[in-house]
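Trainee: Sequence:
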Amino acid sequence: MTVEQIANRLADYCRNEQFSEAQEALYAEDAVSIEPFVFSGFEKETRGLSALKEKDEKFSSMVESRYGTTVSEPQVAGNSFSFVLTMDMKMKGRDRELLKEICVYTVKDGKIISEQFFM
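Residue numbers (our numbering): 1 to 119.
Note that these hints are calculated values from the structure, not bench results.
Hints are supplied without guarantee of correctness; some may be wrong.
[What the hints assert, rightly or not] Derived pair list, reagent style PhoX-like, types lysine-lysine, alpha-carbon separation capped at 20 Å:
| no. | residue 1 | residue 2 |
| --- | --- | --- |
| 1 | Lys55 | Lys44 |
| 2 | Lys100 | Lys55 |
| 3 | Lys58 | Lys90 |
| 4 | Lys111 | Lys55 |
| 5 | Lys100 | Lys90 |
| 6 | Lys90 | Lys55 |
Put together the whole structure using the sequences plus the hints.
Mentor: In structure tokens form, the structure reads like this:
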């Protein structure tokens with residue numbers, strides 16, 4: 001798969017809120033995830049696909065309600081791509097909010113090897 005194909009597939013998975021399915025299909029076993037800051041028991045950096053899956057499950061357990069997710073068209077440059085991800089959600093114990101972030105991904109050998117989020 002090309003970087004553009006991976007970018008479009010990931011965008012589709014995210015639009016359908018199929019985050020764990022995306023990880024299973026598109027991520028390398030040694031992928032790394034980098035958050036903009038440490039929050040609610042999450043580390044700034046998570047390494048390895050199994051740890052990324054645990055992180056996704058933990059985040060999902062903190063969500064009370066989802067009202068929709070939008071994803072901009074991916075921008076591809078070389079072996080990287082980015083898009084803007086906006087999630088309309090209510091976290092447990094919090095008010096409903098829009099979480100908006102720029103997501104940047106790096107691809108190697110047909111798999112996502114890193115993701116980094118900016119808010």
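Trainee: A separate judgement is required for each hint: does it hold in the structure or not?
Mentor: Quick rundown of the hints versus the structure:
1. In summary, the hint linking Lys55 to Lys44 is supported, as the alpha carbons are separated by about 11 Å, within the 20 Å threshold.
2. Proposed proximity of Lys100 and Lys55 is supported: the alpha carbons are some 19 Å apart, at most 20 Å.
3. For the suggested pair Lys58 and Lys90, the alpha carbons sit about 15 Å apart, so the restraint of at most 20 Å is met.
4. With a C-alpha separation of about 19 Å, the suggested pairing of Lys111 with Lys55 holds against the 20 Å cut-off.
5. Taking the CA atoms of Lys100 and Lys90, the gap is near 13 Å; set against the 20 Å cutoff, the hint holds.
6. Only pairs whose Cα atoms come within 20 Å are accepted, and Lys90 paired with Lys55 is accepted, the gap being roughly 18 Å.
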